[in-house]
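Participant: Protein chains in written order, with this note's numbering: chain A, 1213 to 1606; chain B, 1213 to 1606.
Since the hints were derived computationally from the structure, they do not count as laboratory data. All the pointers check out, no bait thrown in.
No distinction is drawn between identical chains; accordingly, a pair holds when it is met within one copy or between any pair of copies.
Listed next, the in silico DSS-like pairs over lysine-lysine satisfying Cα-Cα at most 27 Å (straight line):
(1) 1230 - 1336
(2) 1363 - 1415
(3) 1363 - 1414
Protein chains: 2
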Amino acid sequence: MSVSVIGTYHSDFNTSDKSIYDLLVEAGKSALDDSGVKAKDIDGIWIGNYSGGGFNNQEHLAPYAMNIDPELRFTQSTRVENACASGTAAIKEAKAAIEAGEVDYALVIGVEKMTTLDTKGVTKTLAMASYWPDEGAEGMTFPGLFAEFAKGYKKRHKLSNDELRETLAKIAAKNYSNALENQYAQMSKDWTYEDVLNLPEKKNPMIAEPLRLHDCSLVSDGAAAIVLTTTEKAKELRDEVVELASLVQTTDYLALDKRPQDEFVATKEAVRQAYNQVGITVDDLDFAEVHDCFTIAELLAYEAIGLAEDGQGPKLLDDGTVMVDGRLPVNASGGLKAKGHPVGATGVSMAVLATRQLLGEPVGPKIEGAEIGLTLNFGGSAVSNYASIYKLIK
Amino acid sequence: MSVSVIGTYHSDFNTSDKSIYDLLVEAGKSALDDSGVKAKDIDGIWIGNYSGGGFNNQEHLAPYAMNIDPELRFTQSTRVENACASGTAAIKEAKAAIEAGEVDYALVIGVEKMTTLDTKGVTKTLAMASYWPDEGAEGMTFPGLFAEFAKGYKKRHKLSNDELRETLAKIAAKNYSNALENQYAQMSKDWTYEDVLNLPEKKNPMIAEPLRLHDCSLVSDGAAAIVLTTTEKAKELRDEVVELASLVQTTDYLALDKRPQDEFVATKEAVRQAYNQVGITVDDLDFAEVHDCFTIAELLAYEAIGLAEDGQGPKLLDDGTVMVDGRLPVNASGGLKAKGHPVGATGVSMAVLATRQLLGEPVGPKIEGAEIGLTLNFGGSAVSNYASIYKLIK
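Only chain A is shown next, with the shape it has when bound in the complex (with noise of 0.2 Å):
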């Protein structure tokens, strides 16, 4: 049984007055109007929220999802966190309860409002997602982590701080051009690669050598929503529908150092399987959002969805194929980096993303006759991976 995305949402990415609630429960009328599916009809929910304890002193979160319309109480609602990849695991639980025949309308809401915080308290809540004793507890915080990936990186390919440095220049750009197309988005800077890489030490200090605050993605609030069902009924629906062809999870061990430091394996594993029961290859794809959560992530994204050889994703900024008029376009929304990262929202929001993009309304720049995208969520230091591949059905 295949399953398909019949309603979408998708809130600004910023920094909110409004209050997690406030945030879910907006998304979750707003998916359903797009959808046209009553509450009535609504017969599960799955909501991805990193830390609604550590922001919000609320976990529990699921049974406000009763709050969205009256007609939803009893329906059952639950809470799904995988760190960053909090959104994609709640599609994931959807979506399994839909083949299983479980649930024929499911609504699903990434929500976080991350800002409550100071950026201590931001960061701490953030470390919570990496493993405790030897990681956050020692002072380890998430720029910290993917700094090992960008100094193994480097080391392994044997490049030069300039090389380094330029790619991740290259890549921050390419997500701030594509962001000013995006009205949802947090940033919307029109800088470019000479801008980025010339910016003053004060302006784009070190945060974890070698990366600096613009390889940093952005600390948001926000909410996405989708509804999803049988391809079956949202064929009855709907002329063109998306559908979720694949979603694979794979896991790695929670703690870095049990692993190499300089490429993404449990995140290349959960795309080759994700090819594999579609049938395609990279090759076949239109269009890819990736978790540029720091900018060294999309690099060794690129690598680990078969686009580049080990050690040769720089090349794919210099030749274009990653630029938004070329083959691959990657993160056309402008990515973690740019559009903003409410960290469990952001899987929710891919999925709007591909889903608007294969609809042919997309949020951010149109690429032309897309009808099949990728989307690449990971929590934690590329721990909890989801490579999920949304096709258009006509």
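Please build the complex by placing chain B on the supplied structure of chain A, with the hints as guidance.
Facilitator: What follows is chain B alone, placed relative to chain A:
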């Protein structure tokens, strides 16, 4: 397609020297051993955990399951959270994945390590499972919320203070008595009804009028785990198999003031649906393990499962119905009151208890000839409700 349990593990519930990581790994290893399923054949893992963030600074706990066995590396692993029902919520997701044909052998672990915090810290962390802005933030605690149920019940059914106190003491005493035979139980006190009723104020202080200390469940560390597969596969491995014949989840409003405070409305609905799915009534049950986070919750559960008409619950204690040798033993294990309540583990603990009872190797007193059992697990103030029916298949 039907799903069955083929391996179980239950840790001691107590104040443990072990970390949450050790509890998780021991539970996973032991359930795998008990099942006979090899780690390499496990293709899905679900972790029920309420607040690793609040208690242990550890969100994103699911990937730690990779440390159970190197052969598990890359296996999907997902944390599920719905307050004190997180364990059953995890079982539900595993069941759906098997029914969807996505997973053949699932490992489900419920775990919580609460004693890292002092009483004040535990109370605050648990209060994050209430609707924070109007409840937790306003100083409302879970004893306070369930006190509202106790007051509502007393008023609606015109009980005197003494009548209510006596009923609740009978529940506590029954559960203390039952736990004497439960090797994993946190409390082992041969306190009779008279003992509990006559405890001096100092030893049984008022926590939230009318609930006293001995009306409250315990603060515990612990873990429980099960291995699930299709009933068909289970039958190939075993002569006698315990089927998870139904698992229904219903949700009510998170905020208690949006609901009646004298009965468990959504809980009743979950049980009704579960009975219907299996085609049974309360008369077909041989035992029940219910969510007695407070003694008043067990009383309301009697009525929610249809064992007594509204307001008639207290009689079941006098006529012996719910006693271990009665018509329908309730909490033969000692329940949350006496066995302990490591919140994320509780739902999986109930699954282990039901399975072992049906296989004739009970944790706690044996119920001769038991063939069908109910578990009732909820999160929050009866907000996220899960009714499960376990059935012996010979």
